[in-house]
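First to last, the sequence lines map onto chains Y and U.
Residues 1 to 249 in our numbering are what the first sequence lists, from first letter to last.
Residues 1 to 327 in our numbering are what the second sequence lists, from first letter to last.
These aren't lab readings, by the way, just hints derived from the structure by calculation.
Just so we're clear, the structure is a prediction, and the values are computed from it rather than from any experiment.
Possibly wrong hints are sitting among the right ones.
Said to hold, decoys possible - Straight-line alpha carbon distances no greater than 27 Å define the calculated DSS-like cross-link-like pairs of lysine-lysine that follow: (1) Y/LYS5 with U/LYS25; (2) Y/LYS247 with U/LYS5; (3) U/LYS14 with Y/LYS245; (4) U/LYS25 with U/LYS217; (5) U/LYS104 with Y/LYS16; (6) U/LYS26 with Y/LYS247; (7) U/LYS5 with Y/LYS245; (8) U/LYS26 with U/LYS5; (9) Y/LYS5 with U/LYS283; (10) Y/LYS247 with U/LYS25; (11) U/LYS106 with Y/LYS16; (12) U/LYS131 with Y/LYS16; (13) U/LYS75 with Y/LYS245; (14) Y/LYS5 with U/LYS26.
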Amino acid sequence: MSALKNIWIVYNRELKSQFNSMLAYVFIVIFVLLSMSLTFLLDDFFAPNAQDASLEFSFFRWPMWLLMFLAPAVGMRLWSEEQRTGTIELLLTMPLAVWHAIVGKYLAALSVITIAILFTFPVVITVAYLGDPDNGTVWGGYLACIFYGGGALAITCAVSALTRSSVACLIIALALCFGQLLIAIPPVLEYAADNWGGAVADVLGSLGTWAHYTEMKRGVISFANVVFYLSMIGFCLFLTSVVIKSKRS
Amino acid sequence: MISVKNLSKSFGQKLAVDDISFEVKKGEVLGFLGPNGAGKSTTMRMVTGYLPPTSGEVVIDGINIAENSIGAKQKIGYLPEAAPLYSDMTVSSFLNFIAELRGKSKSDVEAAIDTCFLGPVRQQSIETLSKGYKHRTCLAQSILHDPEILVLDEPTDGLDPNQKQEVRNLIKRMGEDKAIIFSTHILEEVEAACTRAIIIDQGRVVADGAPNDLKAKASGSGSHMVKISGMAGSGIRSELSSISGVEMVREFASSESSFSGQVLPSKKVNTNAESIFNLCKEKGLLLEELRVEEGRLDEVFREITKTDTEISERIVKEEDPEKVVQD
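The shape of chain Y in the complex, shown without the other chains (with noise of 0.2 Å):
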């Protein structure tokens, strides 16, 4: 019981943090623009010859490239800031465990990351406007860009226990996501498996992000996607625990 309440107190400090440094409008309303302008712009979405009102090839091809950039840029500061301004020997010294402060503050960061993607609904409106969409790809597109963010997430938040320098936060977080999704698109899959051979190849697949995100974006919510993302978010979140603990002693 106390456990959740001292989970509410440091979201609800972290969330109003969040919107009060302008950040995170700035953050939201760059991720809304560019989604939009990317499926628009630089997609067949008007063309001729398109056969459907699909947003799977179109919208939802392009959150997991911006939320890469996205889900580092709200979570740089989680743990970095604190140990900068040394705030967190405040929050150490209150009666809270640890992990209540991780995962508050980790579920505020998560927070401002689904607002971002919540806001992309304008595309979804045009579609259903335009045509018959598959609601059940469009469930699945917007769960698929959340895991993945909580994902991408995840790792930045142990990554900025690491730092006291949001910048290298940053960029660090940044150079993980992006290893983690390109150790499993196919081409790198296809080399693997002829060089290293297939169990390699399977590993590296099953540890990327690649085919969880476009699995879940064609709608299929398997177990196997739910629990790579919820072990990974877990895993990294502990991580930043160890992390925190280890640099006092």
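Let chain Y serve as the given structure and place chain U on it in line with the hints.
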């Protein structure tokens, strides 16, 4: 209330705190003194449960902080060094956040705002506050839940003289029914607010006692400052030296008809004042000034911490034969 036993902390190779033990009871205000880097802040961070000790234990009101850190932290109010704050919040929203975490109500926040004179800035964003207000906001945070134990790391740092006095009075007042540890390197502060003082140097306790006991350890303690006229200075000096029990007479100023200086007794017995007075009466001299030197804390502090560095330098030389040869 606070019991610290054989506490040590090392960061890699560096031993920051070396086997420190002390106790603070309810109603006691313990002053923590020491040069920069002596291990004051590290010790306080271990007492408040922020840093886990390398060895030793901290017991807060019967609760071992390593076993039940949340239970122990509930009883402690802590003002960290440099008073960190969430600068994007307003004073009252920050204090409300702390009150929520501590399970306290809005009226407790109001009380803390009053105690720390934060009324005029309550709705102001913390980043726009002056250093004094920031410091007091952090102090308000530490006393908001009326803790039994207060740990204040340099509570008067960065305040102006009036604010310093206010904070000292506050510490003194709260010290009546709490156990308080505060660190400082302003020595008058120890005399003004502490019931006991500990001097630490290079991670070890080098002196522990009431401020007056510590002062008595100063080399000049118990001596007499005199100013006498009516005779040539050198004559007065030799007369003073002839008094029994006088070890040495130090001259500050001397002229044809007066002398001022310091009379140091051989033992720390307080009989010289009377003999100096009698001497002047017999010889018909004018005793313009006679004052007992109490001994100054900063003198004790310097002596204790200086000898330590000298000793360690000597040890280094002895351990390093090549260096001795080169010398």
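Hint by hint, here is what the structure shows:
1. Y/LYS5 with U/LYS25: Cα-Cα ~33 Å, so violated.
2. Y/LYS247 with U/LYS5: 23 Å, holds
3. U/LYS14 with Y/LYS245: Within the cut-off at roughly 19 Å; holds.
4. U/LYS25 with U/LYS217: Roughly 25 Å between the alpha carbons, so the hint for U/LYS25 and U/LYS217 holds.
5. U/LYS104 with Y/LYS16: 21 Å, holds
6. U/LYS26 with Y/LYS247: Measuring from Cα to Cα gives roughly 33 Å; hence the hint is violated.
7. U/LYS5 with Y/LYS245: Measuring from Cα to Cα gives roughly 22 Å; hence the hint holds.
8. U/LYS26 with U/LYS5: The given pair, whose Cα atoms are some 18 Å apart, holds under the 27 Å limit.
9. Y/LYS5 with U/LYS283: 83 Å, violated
10. Y/LYS247 with U/LYS25: Violated, at roughly 32 Å.
11. U/LYS106 with Y/LYS16: 19 Å, holds
12. U/LYS131 with Y/LYS16: 24 Å, holds
13. U/LYS75 with Y/LYS245: Within the cut-off at roughly 22 Å; holds.
14. Y/LYS5 with U/LYS26: Violated, because 32 Å separates the two Cα atoms, which is more than 27 Å.
Going through the hint list in order, the structure does not satisfy hints 1, 6, 9, 10 and 14.
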